[in-house]
Amino acid sequence: MKRFFMVVLAAAMLASSVACAQTTAATTKAAATDAATTDAATTKAAETEAEATEAVKQDITITYMVSQDWLQDAEIELGAKFAEETGIKVDYQVIPSDQYTNLLSTKINAGECADIYGSQGGQFDIVSQLNVVKNAVDLSGEAWSSTVDPLAAAELSVDGKLYGQPLGDLSSAWAIAYNTKIFAANNLEIPTTFAEFMAVCEAIKGVGITPVYECVSDGWHHVLWFPEMGAAFEAGEPGLIDNLNSNKTTFASSPVMKQSLDQIKEMVDNGYWGEDYMSNAYADAAKNFAGGEYAMVVANQGFGAEVEAVGGELKASDVGYFVIPLVDNQILNVNPVGPSRFIYSGSENIDAAKQYLAYIAQPENLQYLIDNVSKYNTLPFSGVQDKYSDIIKTFYSTYTEHGTVLQTTVKYVNPQWMEIGKEMTAMILGDESSDDVLKNIDKNRADQAAAAKDENWAG
Amino acid sequence: MNERKSYPMYFVFGALILYVVLCVIPGVIGVGYSFTDWSSYSDTINFVGLDNFATVFSPEENYLRYLSNTMIFTVFTTFCKSIIGLALAVLLTKKIKGLNIHRAIMYMPAVLSTLIVGMIFKSILNPQSGLLNAFLRSAGLGSLALKWLTDSKIAFWSVMFVDIWKGIGYIMTIFIAGIMAISPVYYEAAEIDGATSWQRFKSITMPLLMPTVAVTTVLNVLYGLKVFDIVYALTNGGPGYATEVLYTGVYKEFSKGRYAVGTTLSSVMFIFMIIVGFFMIRMMTKEEVEE
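These protein sequence lines map, in sequence, to chains A and B.
Under our numbering, the residues of the first sequence are numbered 1 to 459, in order.
Under our numbering, the residues of the second sequence are numbered 1 to 291, in order.
Treat the hints loosely; a few may be bogus.
Unchecked claim - Only pairs whose alpha carbons sit at most 30 Å apart, straight line, appear in this in silico BS3-like list of lysine-lysine:
1. Lys107(A) - Lys95(B)
2. Lys258(A) - Lys226(B)
3. Lys153(B) - Lys265(A)
4. Lys94(B) - Lys439(A)
Claimed, not checked - Only part of the chain B face toward chain A is listed, based on derived beta-carbon distances under 10 Å:
5. Ser42
6. Ser143
7. Lys153
8. Thr196
9. Ser197
10. Trp198
11. Tyr223
12. Gly238
13. Gly240
14. Lys252
15. Arg258
16. Val261
What the hints contain is simulated information worked out from the structure, not anything from laboratory work.
For each residue, glycine too, the CB sits at the ideal point set by N, CA and C.
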């Protein structure tokens with residue numbers, strides 16, 4: 001009897017699995033029939049050009065892995081339109097920013113990455129960290145590739161081949177966005193030295209407002225205070241950048257770098273970052289800034305529009321900008337490198353992924369992004385119209401001297417961005433000194449250089 | 001034993017082959033890679049002797065801190081889960097109203113995904129908007145509203161608290177099974193002799209529960225030594241390096257493409273776990289009482 005039941009049970013299992021498979025097949029077939037019917041109906045009504053588009057409609061889902069701050073609602077909307085037009089759906093895999101770099105590297109190293117992945121560009125890093133020649137698809141042949149800003153393209157190319165597509169506004173500088181109303185109400189001027197900046201912070205703190213909004217838990221934002229000072233470091237110690245790249249000097253032996261870290265610590269110790277800087281998130285920066293609880297934040301020039309979008313009393317024109325005045329810096333920090341889209345070379349949907357990138361790069365879609373993403377003022381492609389406001393134009397014209405940031409000019413800095421964040425956090429919390437931070441940056445650089453078999457670090 | 005009734009040795013071969021291929025060989029290969037410079041930056045792999053072990057045990061690196069954090073985590077969570085789990089198990093084997101509901105409620109956190117628990121507690125423990133601090137402030141206990149996950153002095157304790165909250169139900173269930181397996185005859189006899197509840201617990205429950213204690217301790221210790229997900233979900237090792245444990249270190253080494261250092265850390269932990277597990281089982285089963 002028992003054996004009989006076992007046989008019946010086994011037969012039932014087999015039958016059910018076969019039935020499931022048949023159902024799936026039937027469903028697929030039904031879906032295909034529906035799709036075909038829809039296609040046929042659409043085709044009748046469409047023009048010849050649309051017919052061509054329908055002909056390539058595919059039932060594919062591509063995956064796009066991206067850090068949370070790099071994906072905008074407007075792009076998701078474009079993704080939906082793209083799916084309507086081509087049948088290719090985009091599955092956006094949005095990862096918390098503090099976990100993104102590790103997860104991306106792990107996925108690439110494990111050989112199972114998403115079809116499209118977001119990553120920082122940079123001519124050094126896309127080779128040493130991403131190994132794009134192996135892990136990304138050459139996009140040089142794409143029609144849109146010639147429309148990418150040459151400076152941005154150079155940072156995404158290896159041996160003349162373009163591997164990435166910039167995904168954000170690269171024209172913006174990470175500067176200090178400030179509430180002009182708070183400054184005016186307290187008769188404060190834009191500081192031009194660190195001492196003046198501290199005096200401004202003290203005055204703002206004195207009226208019960210937290211001077212600076214900072215968000216350490218994100219892991220990346222508080223790091224900006226340091227590498228964005230690259231041009232100031234070079235100005236303070238001429239030849240520093242070249243010597244760092246040729247391994248003739250170290251971070252730990254640079255007085256100006258140590259001074260900048262000590263000044264950051266001084267700011268925090270004086271309470272200018274407030275009480276909640278460890279748990280704040282950059283995603284809430286505009287909301288908190290618009291609420292008038294904070295007077296300043298390190299942000300790019302789209303921040304004013306983001307603040308206005310919150311819907312409070314503060315308008316974009318109430319948000320001014322000045323360069324980060326650590327080590328008395330007065331040089332505008334520029335960076336042709338930013339987050340970009342790459343197609344994973346191991347993807348099974350390379351053609352579909354290329355279609356997505358081509359779709360995003362269409363001038364009308366780039367303009368849609370500029371017009372609908374408040375923090376974008378322009379995108380690094382030809383044929384788009386920027387939306388710089390007067391206050392932003394004033395900011396750019398205030399600083400005549402421009403210099404490139406450390407993470408772009410010095411090798412093996414950008415890949416350890418999150419590690420630098422941890423080091424700086426440990427310093428802020430008093431667990432490490434500024435010397436320790438610089439020594440550990442040197443050590444991480446040496447590790448990466450050794451692994452990359454960099455000649456300058458040999459021996 | 002009748003040899004004809006026992007299964008022949010070759011019956012074990014199928015399972016053994018699978019185990020060796022899927023577990024033993026990858027493990028041994030992993031240990032082997034600890035002696036190389038395997039990384040994502042180079043296609044060649046060279047033998048480097050004990051270099052990676054020197055790196056792992058170097059006082060200039062953070063790995064020893066990861067190791068000590070892992071040990072603290074293991075000892076503290078094992079102790080708390082065992083004590084609280086046992087107390088709850090004793091309570092929930094009494095004849096009380098809604099017994100199964102109580103048991104289900106206590107067990108519920110154990111069935112939740114660690115990542116979901118992490119996200120929920122990240123929100124609850126947010127110093128500004130979190131439920132816990134909001135409650136403390138509304139109860140007039142604002143001074144106790146701390147930065148649970150962002151203060152380097154208390155973040156690790158917060159992580160351990162969440163892990164204990166999540167793990168108690170599972171340990172409690174094992175203890176309940178152990179207590180239920182103890183024959184009521186002993187308790188009846190002790191009651192007739194006039195033994196108090198504490199004496200009954202001390203002289204009957206505990207000695208007869210030792211095999212279960214051994215099992216739960218081994219489970220807790222091994223879980224603690226290889227903890228990763230709860231730390232990853234709650235703090236990702238931060239603030240700074242305050243809550244880094246060994247396996248978050250392994251993960252980060254792997255993500256940096258330094259496979260060899262990652263496998264070295266993993267190998268160190270593997271050997272350590274074998275030694276700890278072996279001695280613990282021996283020590284705890286030595287004084288077991290046979291019913």
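Status of each hint after checking the structure:
Between lysine 107(A) and lysine 95(B) the CA atoms are separated by roughly 52 Å; this puts the pair beyond 30 Å, and the hint is violated. The suggested pairing of lysine 258(A) with lysine 226(B) is violated, with an alpha-carbon distance near 38 Å, which exceeds 30 Å. The suggested pairing of lysine 153(B) with lysine 265(A) holds, with an alpha-carbon distance near 18 Å, which does not exceed 30 Å. Distance check on the hinted pair: lysine 94(B) and lysine 439(A) sit about 60 Å apart at the alpha-carbon level, beyond 30 Å; violated.
Interface hint at serine 42(B): satisfied, since its Cβ lies 7 Å from the closest Cβ of chain A, which is below the 10 Å cut-off. The interface hint given for serine 143(B) is violated, since its Cβ lies 14 Å from the closest Cβ of chain A, which is over the 10 Å cut-off. Among the interface hints, the one on lysine 153(B) holds; its C-beta lies about 9 Å from the nearest C-beta in chain A, closer than the 10 Å criterion. For threonine 196(B), the interface hint is violated, since its Cβ never comes within 10 Å of a Cβ in chain A; the closest pair sits about 49 Å apart.
For the restraint placing serine 197(B) at the interface with chain A, the shortest Cβ-Cβ distance is roughly 46 Å, beyond the 10 Å limit, so the hint is violated. Contact between tryptophan 198(B) and chain A, as hinted, is not supported at the beta carbon level, the nearest pair being about 45 Å apart and thus beyond 10 Å. Given hint, tyrosine 223(B) at the interface with chain A, is violated; its Cβ is 22 Å from that chain's nearest Cβ, farther than 10 Å. Nearest Cβ of chain A to the Cβ of glycine 238(B): about 6 Å, under the 10 Å cut. The hint holds.
The interface hint given for glycine 240(B) is met, as the beta carbon of that residue sits about 3 Å from the closest beta carbon of chain A, less than 10 Å. Contact between lysine 252(B) and chain A, as hinted, is supported at the beta carbon level, the nearest pair being about 6 Å apart and thus within 10 Å. Hint status for arginine 258(B): holds, given a least beta-carbon distance of 7 Å to chain A, under 10 Å. Proximity of valine 261(B) to chain A holds as hinted, the smallest CB-CB distance being about 9 Å (cut-off 10 Å).
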